[in-house]
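Q: Hey, can you work out the whole structure from these sequences and the hints?
According to the numbering used here, the stretch in the first sequence is residues -5 to 837, in order.
Derived from the structure by calculation, the hints contain no laboratory data. Idealized CB from N, CA, C, for every residue including glycine. Don't take each hint at face value.
[What the hints assert, rightly or not] Below 25 Å or equal to it, Euclidean Cα-Cα: the simulated DSS-like pairs (lysine-lysine) are:
| # | residue 1 | residue 2 |
| --- | --- | --- |
| 1 | K442 | K469 |
| 2 | K516 | K29 |
| 3 | K614 | K587 |
| 4 | K203 | K29 |
| 5 | K824 | K800 |
[Claimed, not checked] Each pair of labels, with its calculated beta carbon distance range:
| # | residue 1 | residue 2 | range |
| --- | --- | --- | --- |
| 6 | R665 | D551 | 49 to 59 Å |
| 7 | K147 | I604 | 51 to 61 Å |
| 8 | E119 | D762 | 17 to 27 Å |
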Amino acid sequence: MTDNSFDPATSDPRWQAAWDDAQTFRADSNSPKPKSYVLEMFPYPSGRIHMGHVRNYTMGDVLARYKRMTGHEVLHPMGWDAFGMPAENAAMEQGVHPGGWTRANIDHMKTQLKRLGFALDWSRELATCEPEYYGHEQALFIDLYEAGLVYRKESEVNWDPVDMTVLANEQVIDGKGWRSGAEVEKRKLAQWFLKITDFAEELLDGLGKLEDWPDKVRLMQENWIGKSSGLEFSFDLSNGDKLPVYTTRPDTIFGASFVAVAADHPVAQGVAADSQAARDFIAECKRGGTTAAELDTAEKLGFDTGITARHPFSGADLPVFIANFVLMDYGTGAIMAVPGHDQRDFEFATKYALPIPRVVAASADEADKAFTGEAEAGEGVLVNSGFLDGMAVDDAAREIIRRLEAEGRGAGKTVWRLRDWGVSRQRYWGTPIPFIHCEKCGVVPAAKDSLPITLPDDVDFRTPGNPLVRHPTWKHTSCPECGGAAERETDTLDTFVNSSWYFLRFASQPADQPCDREEIAKWLPVEQYIGGIEHAILHLLYARFWSRALSHIGLIDVQEPFASLFTQGMVTHETYSRAQDGRAVFYTPAEVKRTGDGAVLQDDGEPVEIGRVIKMSKSKKNVVDPDTIIARYGADAVRWFVLSDSPPERDLPWSEAGIEGCGRFVHRLWRLFAQHGANVQGGVQGADEALDRHIARTVVAVAEDIEALAFNKAVARIYELTSAVEKSPASASRSAAIATLVQLSAPMMPHLAEEAWHALGQDGLVADAPWPAVDPALLVEDEVTIAVQHRGKLRDTLTAPKGAPKDQLEALALGSEKLQRSLDGAEVRKVIVVPDRLVNIVT
RNA sequence: GCGGGUGUGGCGGAAUGGUAGACGCCGGGGACUUAAAAUCCCCUGAGCUUUGCUCGUGCGGGUUCGAGUCCCGCCACCCGCACCA
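A: Here you go:
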């Protein structure tokens, strides 16, 4: 080896081709090795990959390559979440077909991913927009229907009257359609739903077993499912009606001083029918924002209906208000308000001068203690509550439920926040819902042998509305039951359905069914799933639901598809801008040159303002293009950068200086390998024990770091070992260290590692090499450094034999000149000895 | 407002209750070179009366022989949200 430079432009493609030719990363379902399924969330084919993808897929890749080296049969697939609105937007804006646009994007992005040298099994690639995928999804949808997990009901949508289309929430801006600017209407449509609520309890319980999921994600899902238990009972109203309310604090029932209903509650509507004031108030409630933050800070408002509600125990007449803080779609849309023990009720009661009785106190003798400006939601004993007095909160709640149930006036009830999943989308670019509307037979599933029901290609997006509805022939078919003329369902499925089972199809892709039970059992669950926190709730909950639902119908036997979940941080970059006509104009990093602590625009040399480091986004122009970076530094430098420095769960600030440093390190490593190749021919002898120990330590530590996904730490250790090897004189140990270093860096810098492996004269691919073995004897240190402290402050460090007895360490420490100077003759009162660590002298 | 998280040099960050700042970036100095680039070596938390000492992990307390780490109370920022009765 005489060539002293490493050229990624020629080396990267060479090794990528070598892996392809050898089908190195093809997963064998029949392998006897232990399996490992490593999966990253598959991308939406938007057109180009971004740094977030690079970071996500590099993490998974390092793990996949490492797992291969440690003797696992690894499944590491890739595919495309290929249905969705951006393709239809492109169709409308650019006049291209969504399918053509999507497939071109896939081609391009696949090329980009290949440039990064990912160890992917491309033979299992799938795109959800292909009939080979969505046809099976249609079959699954029919299966779920037959199992009673699919139904239709009326539901409200955002309707854009100009574009004649349904809008997603994110497409409604200030109540107007994002494209047309038209006032959005609420329309009721019959839509398809999946019965996720049947699995609410299971999905909640299952979270407890997902120990390798972030607590944060589990908590978010728990809150989303939102189980609460309480009491539902009815008040008798002064107008003769009954008003059912739901409460989670039945124990505080004697503290109820008013009753409140939501603005769209039937009672409110009834009052509004002949009261202009009520109508005005209801309109006002609807004007305010509906987010939690808005509502929380908004003033509590109420409208006294004049109706009263008879308290079920005290018999008191409580006023009934319409209140802006009561939600119609939770519980019964009406509450008993207990101001003493609920902060919202407290604020309301204070504002409208309603009584605030105390019914829970720390002890019985504090029954009349005043409130200190806020409600008390804590534990205690019941007071001022008749037959409940003296009881603990939990016991009182049970007693109230028992009594009301015995009297047939109410019942304990569990209420969930989780609602059924609406999967209908009135769009073209999605999986056609495999149902047929027949005038005679009603809505019937398509025959399984008629699947896939494919999308028509001859559509145009110049006319408003869903092309499937407008298409001259597509929807016309015959009824599978009676054979008569019938129409296809023109709704398509939510794209979250596509991503709810793709990980199954990766593991097993028979032609005649969605997946094979045995093969699924072989590969699932996914050992490590990696993706963004933005999918913490919906995607991950839906995927868990689908696994359960498909298990429920006997297709697979997987309750939890993802054994371990990791959510990586975002890739960020500082922003560059100038104020122009009172607005900020942003510039891309490529247009800007950093100058020490400032930055100037390349074009005019004038300064630009350096803004906050935030997530890369097109609108702020703080993006760097992976292709440009790969072209300049090579794939390995980019991979190394996204693994370095920042812990993977935190944000990664991209910087030009940082990637340059990584590029330098790649070449530095190469020089080490290349020089060694030149030197080794003499056959170097001799051992270097310190280096041997360092290698052994590093091999173990890097393995631990990779398994913990602590890539930044693994990187630091490789830096350290590199420096140590560079500084060490020629020896057999050094030769061994260099081969080891190649193996250690192989998961992270696979191209360089292959090139070096080859140059060192090793056979085959380093991708197929095992993880380096370690002699356990080398991990045992025989000398340790002891810290010598005086009153907890470091005064000296000493070397001592490992395992030295306490008195020996104490004597050694007391012999330290530096310590004695610090002691300055003071009386030693106590000596703390921590074996192999430190001696602390207390005076 | 509620829930969760984070806070350590100029920057990204290390650190089972036991030597704070590993490793990288930036910066400074030097070597090599006609010169530059590349590369290599050294320095790089602050302060001071500099063989060394003092201070220092958002702020204020506490526990401990010893606290970045544990406890209590604050502050700032980030993320999530559904007034869930």
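Q: Checked against the structure, which of the hints given earlier come out wrong?
A: The structure conflicts with no hint, since it agrees with every one listed earlier.
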